[in-house]
Amino acid sequence: MLNLNQRDTGTFLFVIIIAVLAPFIMNPFPTDSAMAQFNAGYPDLMQRFVIFGIFAIGFNILFGLTGYLSFGHAAFLGVGSYAAVWMFKLLSYNIVPALFLSVIIAGIFSLFIGFLCLRRSGIYFSILTLAFAQMSFAIAYSVLSNPKFNLTNGETGLQVYADDIQLFQVENLTTPHLFGWTMNTTYELTLSAWDFQFNVGYYVSACVMLFMFYISIRIFRSPFGLMLRAVKTNQTRLNYTGVNTRPHTLAAFVISGMYAGLAGGLLASMDPLAGAERMQWTASGEVVLMTILGGAGTLLGPLLGAGFIKYFENILSKINDNVLHAWFQYLPEWLENSLVWVLHWFTGKGWHLTLGLLFMIIVIFLPGGLMDGANRIREALRGRKAKKNLQTPVE
Amino acid sequence: MDALLLQILNGLDKGSAYALIALGLTLIFGTLGVVNFAHGALFMIGAFCSVTLNKILNLSSTTIDETQKDFLGNPLKVKTPYVESWFGEVAGQSIIEWSVPLAIIFAIPIMLAIGVIMERGLIKHFYKRPHADQILVTFGLAIVLQEVVKAFFGANPIQTPAPDALSGVLDLGGAIGLQLSYPVWRITYFFFSVIVIGGVFAFLQFTTFGMVVRAGMQDRETVGLLGINIDRRFTIMFGVAAAVAGLAGVMYTPINPPNYHWGMDFLVLSFVVVVVGGMGSLPGAVLAGFLLGILESFASTTWATTTIPGINQIIIYLVAIIILLVRPRGLMGREGVMEE
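Those protein sequences? They're chains L and S, same order as listed. Each residue of the first sequence is one higher than the one before, counting from 1 in the working numbering. Each residue of the second sequence is one higher than the one before, counting from 1001 in the working numbering.
In case anyone wonders, no lab produced these hints; they're calculated from the structure. Be aware that one or more of the hints could be misleading.
Unchecked claim - Residues of chain L placed beyond 10 Å of chain S at every Cβ, according to the derived structure: (1) LEU4; (2) ASN39; (3) ILE108; (4) ARG119; (5) SER126; (6) LEU151; (7) GLN197; (8) MET227; (9) PRO247; (10) LEU353; (11) MET360; (12) VAL363; (13) ARG376.
As the list claims (entries may be wrong) - No farther apart than 27 Å at their CA atoms in a straight line, the calculated lysine-lysine pairs in the DSS-like style are these: (14) LYS1055/S / LYS1150/S; (15) LYS1069/S / LYS232/L; (16) LYS232/L / LYS1077/S; (17) LYS1079/S / LYS349/L; (18) LYS1150/S / LYS1128/S; (19) LYS1079/S / LYS1055/S; (20) LYS89/L / LYS148/L; (21) LYS349/L / LYS1124/S; (22) LYS1069/S / LYS1079/S; (23) LYS1150/S / LYS318/L.
In this text the structure is predicted, and so the values were computed from the model without any measurement. Beta carbons are placed, not taken as given, at the ideal position from N, Cα and C, and that holds for glycine.
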């Protein structure tokens, strides 16, 4: 199907099914049960799953294939968001021109940064991208928000005001929409105790994500993708054989920058607001975490990692001491209190600690990420010995 | 002229912090070949050593004084720090007042221990792994350390005052007829960092231990073949690097109240400093630290910010990018370090 081999078709179909049925799959617990807080089937979170999925898929094309570790990808996400909001301000709330411009601008921006940064490799490349991203952050945060030339609106964040131009604005559409379907429309379906929500914004983002996922499969399987893998494996050798690797790595950099820009544009489409903090280097670190956690260099890994991190960010940070006490109330009191005391550090506000620990554990014991873990379990079940070589890319 | 000197002074104290952190980073990189993203967190932990000592010294016993009344008419509760009751009032108070300089003594063993534990427990297993893995695991560690500190000390900056004798303003220009006064503590910080940097260099240059370490930096394998346990020395050097970062943090607390994300804030800048100085070059790191500090303070003058708005925010990155593209090995980088 679609020029994919059988295995990739399977993967793609799997992702399609998950994406379409997500409102059901993410909502396994009845609304009034105690487990309802583990439900992730609300529009805001599902949108973030797919949007950060796009971001991570794009990052994976650069890092997973070429091995160039960029610590500045959030800059492209931020640029995409700003571009999209500007389109809302100038044209209309229709998301098509917004997404179009955010991809283009992010592409141009990443072409410029990539051209300079890719002259160096290894740690120098990481630091250069980091420096560029921090610089963009500083510029967006303070320089471009002066009254004379206000492009980013600084700390407040760029948003659409009533007196903006909005040339093609349709009267009653005052939130982002796709030719009339507003992004925040949600249809609800109540089946006895379950309450399923179908959000237009989610399905639009999911369609975009599926398309981008398809492109990433094609890139992975193309001669271009093979070339990128060769860069990761042994760039020196490639140079000695007379191949100029720069155009290939630059293309990968720009493609992943465009993915990031698209993700930024979608973020702005779901909530028409763009702030500089999206460009900060911790945001770049987050996409690195997602990709590594899921499994760099694999097709499904980045999606999995993005979902995993966003899910736990939302769910763990909601678990406060009261919830913990409710869980352990059947235990003896001293045990309950001590358990709550221990878990207190890891949930609620302390969820970043859990994330950091989890991340360290993954990097130390499972360098291939969750996908590698799944593969090992599968192989162990089949009775074969897990592969000794940790660096083998898993598919 | 006054303004010029003032900016140089401003740059020197910011630069001393950069230089100290970058020195530690380069030490770790030059000896173990590990890119340590948790180094900023070590700086932050150093700062919180000083906070902790301050809190410990302020632990008080409460006694009820029947002769005095508080505003509600109840007997007044008098808090006396234990230090005061042990050493007498005058000595006790001055101990509390000098808590930041005292924290140096308190921080050195702690930071050494943290460094050694970190190296033996975690970094050791990452020598053979790619640099990307080292960056990632230390990045994770930095998040964990930061969150642990946040859990204990909260998210707000904590004031830790300098001792009175060192907290005023010093008139530097009087003797040479210039109007130039400057906070004493910042000058202290500069001299302190010069001493620490000098100490590290002297340690490497004039002791047998340092000689072996330098030899190991040149060629680890050969030193190992000569029957020297180079791993143990490198572990100690990791501890020393952690202590240098920690001391930089301890002394920085009166300049800027520490909070938990200090580590991340300084990390990015100090990495830029290291790369500008040249990976693996100790004098390069120090030079670049002071240079970028001074550049940053010159870019913050009103003249610069009105000419190019926001230049103070981006100057360091801008310079770093230019230097890396023009002189790929940095200012004083050695050949063959991290080339590929």
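Consistency of the hints with the structure:
Look at LEU4/L: its CB is around 29 Å from the nearest CB on chain S, clear of 10 Å, so calling it non-interface holds up. Once the 10 Å rule is applied to beta carbons, ASN39/L is consistent with being away from chain S; the minimum gap is 26 Å. Once the 10 Å rule is applied to beta carbons, ILE108/L is consistent with being away from chain S; the minimum gap is 18 Å. At the 10 Å boundary, the C-beta of ARG119/L falls inside the reach of chain S, the nearest C-beta of that chain being 6 Å off.
A Cβ of chain S approaches the Cβ of SER126/L within 10 Å, the least distance being about 7 Å, so the stated non-interface status is violated. The Cβ of LEU151/L sits about 12 Å from the closest Cβ of chain S, beyond the 10 Å cut-off, so the non-interface label holds. Even its closest Cβ contact with chain S, about 33 Å, leaves GLN197/L beyond 10 Å, as expected for a residue assigned away from the interface. Every CB of chain S lies more than 10 Å from the CB of MET227/L, the least distance being 18 Å, so the non-interface label holds.
With a least CB separation of 18 Å from chain S, PRO247/L remains clear of the 10 Å interface cut-off, as annotated. Listed as a non-interface residue, LEU353/L fails to keep its Cβ farther than 10 Å from every Cβ of chain S; the least gap is roughly 4 Å. The beta carbon of MET360/L sits about 4 Å from the closest Cβ of chain S, which is not more than 10 Å, so the claim that it is off the interface is violated. The Cβ of VAL363/L sits about 4 Å from the closest Cβ of chain S, inside the 10 Å cut-off, so the non-interface label is violated.
The claim that ARG376/L is not at the interface with chain S holds, since no C-beta of that chain comes within 10 Å of its own (minimum 18 Å). Between LYS1055/S and LYS1150/S the alpha-carbon distance is near 16 Å, which keeps this suggested pair within the 27 Å criterion. Restraint check: the Cα-Cα separation between LYS1069/S and LYS232/L comes to about 76 Å, which exceeds 27 Å; the hinted pair is violated. Restraint check for LYS232/L and LYS1077/S: not satisfied, since their Cα atoms lie roughly 69 Å apart, outside the 27 Å limit.
Restraint check: the Cα-Cα separation between LYS1079/S and LYS349/L comes to about 33 Å, which exceeds 27 Å; the hinted pair is violated. Of the supplied pair hints, the one linking LYS1150/S and LYS1128/S is violated, its CA atoms being roughly 32 Å apart against a limit of 27 Å. For the proposed pair LYS1079/S and LYS1055/S, the alpha carbon gap of about 14 Å is at most 27 Å, so the pair holds. Using a Cα cut-off of 27 Å, the hinted pair LYS89/L and LYS148/L holds, with the two alpha carbons roughly 18 Å apart.
Between LYS349/L and LYS1124/S, the direct Cα distance comes to roughly 31 Å. Violation of the 27 Å bound is thereby established for this hinted pair. For a cut-off of 27 Å, the pair hint linking LYS1069/S to LYS1079/S stands: about 14 Å separates their Cα positions. Note on LYS1150/S and LYS318/L: the hinted pairing holds, with a Cα-Cα distance of about 18 Å set against a maximum of 27 Å.
Checked against the numbered hints above, the structure breaks hints 4, 5, 10, 11, 12, 15, 16, 17, 18, 21 and satisfies the rest.
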